[in-house]
Amino acid sequence: MSVPDYMQCAEDHQTVLVVVQPMGIVPEDQFFRIYKRIASVSQVSIRDSQRVLFIRYRHHYPPENNEWGDFQTHRKVVGLISVTSCTTTKEWPQTSDRFHGQKEVFGSTLYDSRLLVFGLQGEVAEQQRTDVAFYPSYDDCPDVEKRVEDFVESIFIVLESKRLDRATDKSGDKIQLLCVPFEKKDFVGLDTDSRHYKKRCQGRMRKHVGDLCLQAGMLQDALVHYHMAVELLRSVNDFLWLGAALEGLCSASVIFHYPGARKPGVSSAADAGKRHRPGAQEVLIDPGALTTNGISADTSTEIGRAKNCLSQEDIIEKYKEAISYYGKYKSAGVIELEACIKAVRVLAIQKRAMEASEFLQNAVYINLGQLSEEEKIQRYSVLSELYELIGFHRKSAFFKRVAAMQCVAPTIPEPGWKACYKLLLETLPGYSLSLDPKDFSKGTHRGWAAVQLRLLHELVYASRRMGNPGLSVRHLSFLLQTMLDFLSDQEKKEVTQSLENYTSKCPGGMEVISLPDGLKLPPVPFTKLPIVRSVSLLNLPVSLRPHKVKGLLGQGMSSASPFIYSPITMHSRGDERSKKIDFQWVQGDVCEVQLMVYNPMPFELRVENMGLLTSGVDFESLPAALSLPAESGLYPVTLVGVPRTAGNITINGYHTSVFGVSSDCLLEGLVGVKSSGCMVEVVPSLPRLQLCTSLPRSAHLSSEDLSTSVSLQLFNGETQQLTITLENIGTETLNTLELTSKNLSTKEKLFGEFLTWDLQDALSHLPLKSGQSVSIPVNISAKLDFSGQENLLHDLNDDGISVTGLPVSSPLRQVLKPRAENKPVGSDASKNEFNHVKTLEAVLTFKYSGGAGQVEGYSRELSLGVRVDVEPSVFFTRVSTLPATSTRQCHLLLDVFNSTEHELTLSAKNNQDLVLHASECQRMAIQVDKFDFDSMPVTDHDALRQATVRQQEEKRQQVHGGLLSSTLDIHWTIISFTKASCPDNTIPNSFFLTLQC
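Going by full-length UniProt numbering, the letters in the sequence shown line up with residues 1 to 997, in that order.
These aren't lab readings, by the way, just hints derived from the structure by calculation.
A hint or two may mislead.
Said to hold, decoys possible - Now the in silico label distances, taken between C-beta atoms and shown as ranges:
#, residue 1, residue 2, range
1, P63, S488, 24 to 34 Å
2, R33, R195, 25 to 35 Å
3, L519, P602, 33 to 43 Å
4, N910, D785, 21 to 31 Å
5, R394, K580, 14 to 24 Å
6, G260, N237, 36 to 46 Å
7, P623, K493, 25 to 35 Å
8, S49, I175, 47 to 57 Å
9, L164, H60, 25 to 35 Å
10, Q127, G260, 25 to 35 Å
Since the model is a prediction, treat every value here as computed from it, not as a measurement.
For each residue, glycine too, the CB sits at the ideal point set by N, CA and C.
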């Protein structure tokens, strides 16, 4: 026997073998449809008896294996069913002859046969024959199963008669010596009358009768005959048949102990048929139907009479003994191999994996002679399945891989790369490999990386030889993504070069690849090329950030609960709030997301078409390309895009193209990524203004976050105009515009308004469409109090001058510093006193809105920082009065000091101009009407009563100073610059407050 049946199991010893074969030209799909229906009749209950006959079907069976039918009767073909197509009556004689020819192949062992003819109609088809069944077509054959049952019953009748004939003790009759094929030549010339020969004949016949009893459903009789055969054959050292008797005893005991055992690894008759193993795996044994006399008995009494049945432990020992006897015969290699397989299946049921592995290890080294490549593939595949059955997954994967390599052995003229690839895929679980990259991001790596790398390389090569470059790209991408940490620098370069070569012909993508056998290969995103460590959504620039109108802030808040804080509400929305960002983006504006990435490769990594993956709103991603140096540290990458609709947008991840492979990398699949949130609100579109000024830009003010800033220098009392141009560079129309200012200089005492403007002309141009602009003039006035540095002022009380005859009020003495007699006016020391520069800072804020954003209550703010360095200009170092010709007037004498480095002209109302050179001091006389400050009304008496004494005094001084300033109307002009001053703050406020009339 040269062809092993790798699907053998112990239960097969109780089955009868029926071969189902096509005859002539029969469509393969039609044949297997009929074969499946025939194989469904795997057991038949015999009428007038409670015995069951089990059938094992084959659609291919080597005739040489049939010659071993006397050795083990379950190997004998006892039934033949032929399936043929015959359409005309003329073809029928030839069809009948073919059927007889098929029967002759197994004629010596056949108990009965049947011919199923499809397509023939007429007189021939109407003939009633037991061995032939006619059907109009393959679809119109309703009673196939019934015909098969009748056929099986006829086989049982023959089987039972043979059993009875062989089991009857015929004293004096000469018992036939049963032989296996290779023994016949050895028994020529033996003494047939010797006692040794007769015992051999008796032992072999007892074993043969045991096989017939087991097939006929008489388990107890089979056990008795097997035990008797063992004793007889052991006494004559007939080791081959002794092994067969022991194996029969083991099989009967297995059937008794495990009546519900099925064939492992096969689930249906159809699948078994394709693997040359139809039907038998559906066999079920009912011990209650197996009695010594064929009559049903109670199950409990049956178990009680099972004295000859081996224990579960003895079954394995007897298997070992039988296999050791088989091993003595080179020609019994197939029998030895099948016995090992049967023992493994029994041990698998008993969950004794280590002992099963010993049997399998023995099976590996059994020499079956010269096997064909197909037989080698089948042998290694079955070994793999058996190792899988006992839980040795890695060992199973090893033999599966050997079978795969055998499919493409150099000796095969046409290598089967598809079969090789399919077998390699089946080895993946054994090596802890999965084709889903998500399984490799769940903690530590499992399995031997070196073996996994080898297997993945073999998958890549096999898929390439299959002519499927897309499959090669997918496997190579998987290797690079999941095994990157285990590749050397040289291997990384080689793998990436190979990947680029493949993708030049077939670019890689994110589609699922479906294989012919139904397996689906998920996409492999390159989340490690580059590796992302953090994701941050960036706020818009200050000038583009949307602001909610204060009156609309509470419209979306629910007033259903009276409580300020509700833990239930917070809990229900906890997940959303943990992800949502506390700023907003604007529809139609460019938005940014910053990634911190690094390159793990030992060479420069080029990333192309890198953009954002979003959901929630329509988003136009603007792809970027970058080049990361080898093994770079954390590197910031900013990805941008434009939301086209309003709503909540979620940043799901990013997409890249690396080495020709396009990847969609989702944030939820990234390991160790820090993120402050991935959801942000997109508000409706708003207009966008661009600000330009007549002055050059300067550095921003340190204390404010501004859009832009300007700076300039002014002399104290000087006014300069700043022209601000606002251009609508957005797509929405500007409908509203507001302008406010905020002074940042709190230490300096400021007189009057620092910034003034007239917005009416600009508002008249609204609405401002896209591309239009409007100009706004802003006056900048520097009016500061430099009196704290006037050390050269004289004490007015020294002159004893008064206007009304009363002395100067005493508080003046406390305010003014003592005169420095030792410091001349023109000295350097006094000059430094007047060159101190003060700074004024303010922010102009343009609040504007329009478009759909205005409807939702949103606006934008554009801020302009203004910084002015104020230098001192004109000081009045001495003030005195003289009587005039009229009693209602007086002469006001002012000692004026020019603290600038330029020549200037001083003018007053109804007075001649006074020219002052740099650092020059002169006296100026002005005739003015006398004032009675006490009689001047105060506008806000209520506010004045509520103020403190100091505040009341400051208010009174402010009113008096303003009256004097407007009356005197003193101006100065620097001739070289032609700069005109503002009339305010020409006389320090402190002087105005001390003069009384």
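Checked hints:
1. P63 with S488: 24 to 34 Å: Violated - the Cβ-Cβ distance for P63 and S488, about 57 Å, lies outside 24 to 34 Å.
2. R33 with R195: 25 to 35 Å: Taking Cβ atoms as reference, R33 and R195 lie about 57 Å apart, which means the hint is violated.
3. L519 with P602: 33 to 43 Å: holds (34 Å)
4. N910 with D785: 21 to 31 Å: holds (27 Å)
5. R394 with K580: 14 to 24 Å: violated (48 Å)
6. G260 with N237: 36 to 46 Å: holds (38 Å)
7. P623 with K493: 25 to 35 Å: holds (27 Å)
8. S49 with I175: 47 to 57 Å: At 28 Å between Cβs, range violated.
9. L164 with H60: 25 to 35 Å: At roughly 33 Å between Cβ atoms, H60 and L164 fall inside 25 to 35 Å, so the hint holds.
10. Q127 with G260: 25 to 35 Å: Given about 44 Å between the Cβ atoms, the range is violated.
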